[in-house]
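Chemist: With the sequences and hints as input, model every part of the structure.
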Amino acid sequence: MGLNMAGTDMAGTDMAGADMGWETVIGLEIHAQLATRSKIFSGSATAYGALPNTQANLVDLGYPGVLPVLNGEAVRMAVCFGLAIGARISPRSVFARKNYFYPDLPKGYQISQYELPIVAEGALEVVLDDGERKRIGITRAHLEEDAGKSLHEGLPGLTGIDLNRAGTPLIEIVSEPDMRSAREAIAYMKKVHTLVRYLGICDGNMQEGSFRCDANVSVRRRGAAQFGTRAEIKNLNSFRFVEKAINFEVERQIELLESGGKVVQETRLYDPDKGETRSMRSKEAANDYRYFPDPDLLPVLLEPAFVEAVRATLPELPDAKAARFVRDHGLSDYDAGVLTASREIAAFYEDVLQRVGSDPKLCANWVMGDFSAFLNRDNLEVGAAKVDAAHLAGLVSRIVDATISGKIAKEIFEAMWESGASADAVIEQKGLRQITDTGAIEAAIDEVMAKNPGQLADYRSGKDKLFGFFVGQVMKATGGKANPAQLNELLKAKLAG
Amino acid sequence: MSALPPLPAPTVAGLARGLHRGEYSSVELTRACLERIAAGQPELNAFVTVTAEGALSAAQAADDARAAGRAGPLTGVPIAHKDIFCTEGVRTTCGSKMLAEFVSPYDATVVAGLKAAGTVMLGKLNMDEFAMGSSNETSFFGPVRNPWDPALVPGGSSGGSAAAVAARLVPAATATDTGGSIRQPAALCGVTGIKPTYGRASRYGMIAFASSLDQAGLITVSAEDAALLLGPMSGFDPRDSTSVDSPVPDYMATLGDSLEGLTIGVVREFFDKGLDGGCEQRIREAIAVYERLGAKVREVSCPNLPLSVPTYYVVAPAECSSNLARFDGVRFGHRCDSPRNLTDLYSRSRGEGFGAEVKRRIMTGTYVLSAGYFDAYYLKAQRVRQLISADFARAFADCDLLLGPTSPTTAFAIGAKCDDPITMYLNDIYTIGANLAGLPAMSLPCGFAGGLPVGLQLIGPHFSEGRMLNVAHRYQQETDWHLRAPSAWA
Chain V
630 MGLNMAGTDM
640 AGTDMAGADM
650 GWETVIGLEI
660 HAQLATRSKI
670 FSGSATAYGA
680 LPNTQANLVD
690 LGYPGVLPVL
700 NGEAVRMAVC
710 FGLAIGARIS
720 PRSVFARKNY
730 FYPDLPKGYQ
740 ISQYELPIVA
750 EGALEVVLDD
760 GERKRIGITR
770 AHLEEDAGKS
780 LHEGLPGLTG
790 IDLNRAGTPL
800 IEIVSEPDMR
810 SAREAIAYMK
820 KVHTLVRYLG
830 ICDGNMQEGS
840 FRCDANVSVR
850 RRGAAQFGTR
860 AEIKNLNSFR
870 FVEKAINFEV
880 ERQIELLESG
890 GKVVQETRLY
900 DPDKGETRSM
910 RSKEAANDYR
920 YFPDPDLLPV
930 LLEPAFVEAV
940 RATLPELPDA
950 KAARFVRDHG
960 LSDYDAGVLT
970 ASREIAAFYE
980 DVLQRVGSDP
990 KLCANWVMGD
1000 FSAFLNRDNL
1010 EVGAAKVDAA
1020 HLAGLVSRIV
1030 DATISGKIAK
1040 EIFEAMWESG
1050 ASADAVIEQK
1060 GLRQITDTGA
1070 IEAAIDEVMA
1080 KNPGQLADYR
1090 SGKDKLFGFF
1100 VGQVMKATGG
1110 KANPAQLNEL
1120 LKAKLAG
Chain F
2 MSALPPLPAP
12 TVAGLARGLH
22 RGEYSSVELT
32 RACLERIAAG
42 QPELNAFVTV
52 TAEGALSAAQ
62 AADDARAAGR
72 AGPLTGVPIA
82 HKDIFCTEGV
92 RTTCGSKMLA
102 EFVSPYDATV
112 VAGLKAAGTV
122 MLGKLNMDEF
132 AMGSSNETSF
142 FGPVRNPWDP
152 ALVPGGSSGG
162 SAAAVAARLV
172 PAATATDTGG
182 SIRQPAALCG
192 VTGIKPTYGR
202 ASRYGMIAFA
212 SSLDQAGLIT
222 VSAEDAALLL
232 GPMSGFDPRD
242 STSVDSPVPD
252 YMATLGDSLE
262 GLTIGVVREF
272 FDKGLDGGCE
282 QRIREAIAVY
292 ERLGAKVREV
302 SCPNLPLSVP
312 TYYVVAPAEC
322 SSNLARFDGV
332 RFGHRCDSPR
342 NLTDLYSRSR
352 GEGFGAEVKR
362 RIMTGTYVLS
372 AGYFDAYYLK
382 AQRVRQLISA
392 DFARAFADCD
402 LLLGPTSPTT
412 AFAIGAKCDD
422 PITMYLNDIY
432 TIGANLAGLP
442 AMSLPCGFAG
452 GLPVGLQLIG
462 PHFSEGRMLN
472 VAHRYQQETD
482 WHLRAPSAWA
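Just so you know, the protein sequences line up as chains V and F, in that order.
Using our numbering, read the first sequence as starting at 630 and increasing by one per residue.
Using our numbering, read the second sequence as starting at 2 and increasing by one per residue.
Because the hints were derived from the structure by calculation, they are not lab data.
Any given hint might turn out to be false.
To be verified - DSS-like cross-link-like pairs, simulated, lysine-lysine; straight-line CA separation at most 30 Å:
#1 F:LYS381 - V:LYS727
#2 V:LYS727 - V:LYS763
#3 V:LYS950 - V:LYS903
#4 F:LYS360 - V:LYS727
#5 V:LYS1059 - V:LYS1092
#6 V:LYS1094 - V:LYS1110
#7 F:LYS98 - V:LYS778
#8 V:LYS903 - V:LYS891
#9 F:LYS98 - V:LYS727
To be verified - Short derived list, chain V residues pointing at chain F, Cβ under 8 Å:
#10 VAL698
#11 LEU699
#12 LEU784
#13 PHE870
No residue lacks a Cβ here, since even glycine has one placed at the ideal position from N, Cα and C.
Modeler: Written out as structure tokens, the structure is:
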């Protein structure tokens, strides 16, 4: 929720730019770490958080004489992604060497794909805040190895090198410069984030760096044919940072241009503490990477049969799932979008619905409402909550069969969340079963009428608004358990005399 | 040197027979080699490291295996490895100051294969620094000298391998060939050298110079010895994606096949100019030997072959500039004293660790890959490389093997070409084509010019090692050039 608030704030900035006749142009390069067990060119494990350099073998260390061998699983995952965005899968792709010196780059080059990436043009459709749909082009997606990490903390005057991450497989997803605001960029990034987790090819953990992006940002006069000079903001690892960094950068560039300055093509770094971007290196000082095909690796040749076999394993993707929820369950676009944003939540919803057997909207409300709110409050994953699909379905079923009211259900849910008990157990234990016995409700009504002769007289003389007062009093008398519909009907009759 | 006892037999085949018959033990044979190595070292400088202790214990293990009835055809045969192959627990210098103290934590696949076959490693052989050179003068450990005349170079880069086999210090040695580094020193030292098809033997553990050209092979006295040793060092290696997954034939089985019906193509471009007259005469005589053996000989043309030297000197430096980037002073190898900062660490560690020829090639390679030059140099060179491959493919439509000289001249004086890299590079004019096309090739001793050995080169289609060894072996049955040793080392 805080995220949306920030978005709303910053939207003002976008509008300000637009008012002054500026248009923002954004392209993203998303790096998603592929969820393979071993590295892309060696047998070392890829698990996060091991002691420094305990997951780096001779290949990762770039020892003399060692050679890379491609991990077939990384190829399969890249193909999954390509198929999911409707892209052309290259029948022949080539690994190239990107040459530069850095202490955390053991070989002095990064193995990446340059001229012939494994995934060619594709696209994703994102839904913007106003419900508008927008197609974002994806130029390419290629496989590459990650570098290691330089460590400075706790090493005064020294640089430590941790090569555990060196050789971890990445897919770099390069978008077209199709986004026109930070909000569009976030919508696109979230869409990719959802997609890679649906496909099971990336855990999406942004704190651990499994999903991060570089943003290319430029501005131009509205209506201009040419793009403005862009700055590349490196290594953004949260949606919030992406949004803040882009908005800061847009403002910086507009201010610069309006004061007669020029934007320099350069790499910038976002400082989350100060909320600003800073120059890292200009294009003039940039490396000439001297890309050339890696002679240690053969071209990756993909047979159509292989690609089709991968296609057959693709799960139902978020857009298709959302469309099905709208079509078959009668949910709104918005609800379907929220439910399908996470594969786990969507599956949970479908599980609940199947158990209840009816009332998809009610099921959806419970999953998106209290259930999701409690997950967020306690920072839990779907599977970790004490309320599982069977329990939630039990609760919804008691609403459907009128055993409890929706209002009481919220109280019951909270008890279920804490104790892990079933809805029925909580209902019995707390005596929350709804009163549907006409006699009992009538007795309560009579008692209330007897206690409030003044209000009764006023009502009968035309003060209709007092009806609510009587409903409240009867509900109070029954401990909230009276069936609301029955109560309404009986009360009307009695009050009428 | 006359006091030096000769090895009991000049060839691996002969020594293997002696071991098998119990005429001597592997320990005795290994001692004899170690003695010759120690005697040869001051003059020839063929070795960088001699592993006497390890050799004797491996020899003992081989003798034990034989006693237990577990001996194979190569059990107990001593050999030595070019110092480009990583050897576990033994320093692997690649002829460079950069790796002067580097001890490899693992064995190269080729080393492991020959070890598994029972061979005994005597030590590590001198070479041009990172295999860059044609004279063995670029080694950090000093030049190797030619056993036929110590004032002359042995050729390179596998100069230590060629000199050690020529002086009969070891019966056989591994070597590598990127542009002629097995065949040219074999020719200049009067021994047999084979560079197999690219991908036949694994490159894992062989320190990379130019990955698309580097190939492990052998320097031996005879083609038969090469046939014996090639099998165990060849084959698919899951750790080298460029090694080829096709079965290794039994090279011994076809060694004696008849040459009737064989068509040999004599490559016209190899005789155009620059070929020493004495050398040409020996090659013509070798052709006559083949005709006597029943082979048909015809002239063929590979018109793009003269472009092989400039093509090679773009492709090989480009790859080397990238391959040698890992020597940065951070994780292994030479590190400068008290670096002031990262750039200082890089530039001084590399500046101090690499010799002049290596630096020249790194700079050339960096240049040809640079933005703005890549198309004009690297891409164009790759296109020419394809034309050269196509020339060979056309030639093999009409003949089974190609024949020509290995080197334009016999061995030259140490220091004669050091100041002129272009002249030095032209030494490989006949050998580079096979590397660019990935073809197997051999050099065989075919006589002498001015008292110095001349090499005959055979080039075959991909994976024709069996036929090529057969053709070489039949020649060596007709001639005894390969059995000639320098008198000082006989």
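Chemist: Any hints this thing doesn't respect? Which numbers, in order?
Modeler: Of the numbered hints, 2, 3, 5, 12 and 13 do not hold.
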